[in-house]
Amino acid sequence: MAVISRGFGSRRRESDASLPPGQYLTQDFPVLSAGPTPRIDTADWEFSITNETGVVSKWNWEQLHALPIEDIGTDIHCVTRWSKLGTHWRGVSLDTLFKDVDTTYEYTMAHCYGGYTTNIPLADLLDGKAWIAFDFDGEDLDPEHGGPARLLVPHLYFWKSAKWIKGLQMLPQDQPGFWEQNGYNMYGDPWQEQRYW
Amino acid sequence: MTGTVKAVRAETESARSLDIEVPGWRGNIAGQHVDVRLTAEDGYQAVRSYSLASSGSGEQLQLAVDKLPDGEVSPYLVDDVMPGDLLEIRGPLGGWFIWQPSLAGPVQLIAGGSGVVPLMAMIRSRAQSDSTAPFRLLYSVRNPDDVFFRSELEAPTPGLDVTWAYTRATPPGWPRPAGRVTGDDLSAHCFPASDDPAVFVCGPTGFVEAVANALVLLGHDPGRVKTERFGGA
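So the protein lines, in turn, are chains A and B. Per the working numbering, the first sequence starts with residue 1, numbered consecutively. Per the working numbering, the second sequence starts with residue 1001, numbered consecutively.
Hints are computed from structural coordinates only; laboratory data are not their basis. Don't take each hint at face value.
[To be verified] Cβ-to-Cβ under 7 Å is the rule here; a few derived chain A residues that face chain B:
1. A2
2. V3
3. S5
4. G7
5. R11
6. R13
7. P21
8. G22
9. L25
10. A34
11. G86
12. R90
13. G183
14. Y187
[Stated by the list, open to error] Simulated crosslink set (EDC-like; lysine to aspartate or glutamate; CA at most 20 Å straight-line):
15. A:K84 - B:D1195
16. B:K1226 - A:E14
17. B:K1006 - B:D1042
Every value quoted in this text rests on a predicted model; they were computed, and no experiment measured them. Where is the CB? At the ideal position from N, CA and C, for every residue including glycine.
Isolated chain A, as found in the complex (with noise of 0.2 Å):
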């Protein structure tokens, strides 16, 4: 039984069947980092997958560019419970990156450049559901948003979406990440509300 805030209510925004349960949309892009945001010349910037036997394959920027590249149009998630509704992308996706990657390992952690951690299973990443995104709204993804490039899994609250993405390394289990460790749920999904431990 919920405790009703008296004469609460006023001021409420109008719902939307977009929603996830708890979110409220906005048209601003609120920045959630845990730190200073790190500075990537594309020029040095590169992206790994690392598989169990240790292969890694590699793209620098040309590389990743020269892939087949995605418009990808998705309503976006925050855990702070913002919610931005029709956002473009483009950038390319995991299943083009997989398509060489020999592994049997069902669970990946996302390294990025500054340190930050997240983990992600396989099956999340692969049939369309995320991408290595570089440009936003027609621009290229600001510093603060993750850029030069980072991941993006929509579906799951946008904590999972590295910002500075580095590498993916397969696991043979699920671990923790960075805010997974300091709070947030192992899988993050926004219609089941998982926000927190």
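Fit chain B to the known structure of chain A by using the hints.
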């Protein structure tokens, strides 16, 4: 958990602090936040996160909330809530942007506006413990009227240095002209990188971005600079 508002106090024209008693609350570490859930009479609910200005054990906690003009929860907490009202509280939450008295080294706090709230919890946590960790606070506000916790921060506290930076208007005769916090302000008033301070920066996104970038340029290890941002960019 259900909390009862025990006292409210205006901090600025647009902000106030709320003392809330929460039976069963087991205390919190300085820097942590709570989710506050409000339910309207027709069942409509909204939840927002607020930093705690308080820390330690006990069943009383304090929030300090700044009103967002287009907000739906903060105007209620700032304008409408009265002592005796009930709020649902979940927490404490967050394990990163925290300070504990067992940490001995110097601590540099840098606040923009209402970003001072979790930093105030750290200052109070230090005061309530036997910590001798040296603390400095650089507190940026638009105008002299925008200061939270003024009397508490102006009271001399051994081991705590407070520097005020005004961005739009200063008190009369103030030596530093009004303006945004710059790298020069950080060099003049903050622990240098060579002291290896733990740095906590909290405020609006643009403020935190600028300050954190300047700290890194001044040689601070990015791994020692913890940030908490609010608002859009």
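Hints, one by one, checked against the model:
no.	hint	verdict
1	A2	4 Å, holds
2	V3	5 Å, holds
3	S5	4 Å, holds
4	G7	6 Å, holds
5	R11	4 Å, holds
6	R13	6 Å, holds
7	P21	9 Å, violated
8	G22	5 Å, holds
9	L25	11 Å, violated
10	A34	6 Å, holds
11	G86	16 Å, violated
12	R90	20 Å, violated
13	G183	5 Å, holds
14	Y187	18 Å, violated
15	A:K84 - B:D1195	41 Å, violated
16	B:K1226 - A:E14	35 Å, violated
17	B:K1006 - B:D1042	25 Å, violated
The structure fails hints 7, 9, 11, 12, 14, 15, 16 and 17 (numbered hints given earlier, in ascending order).
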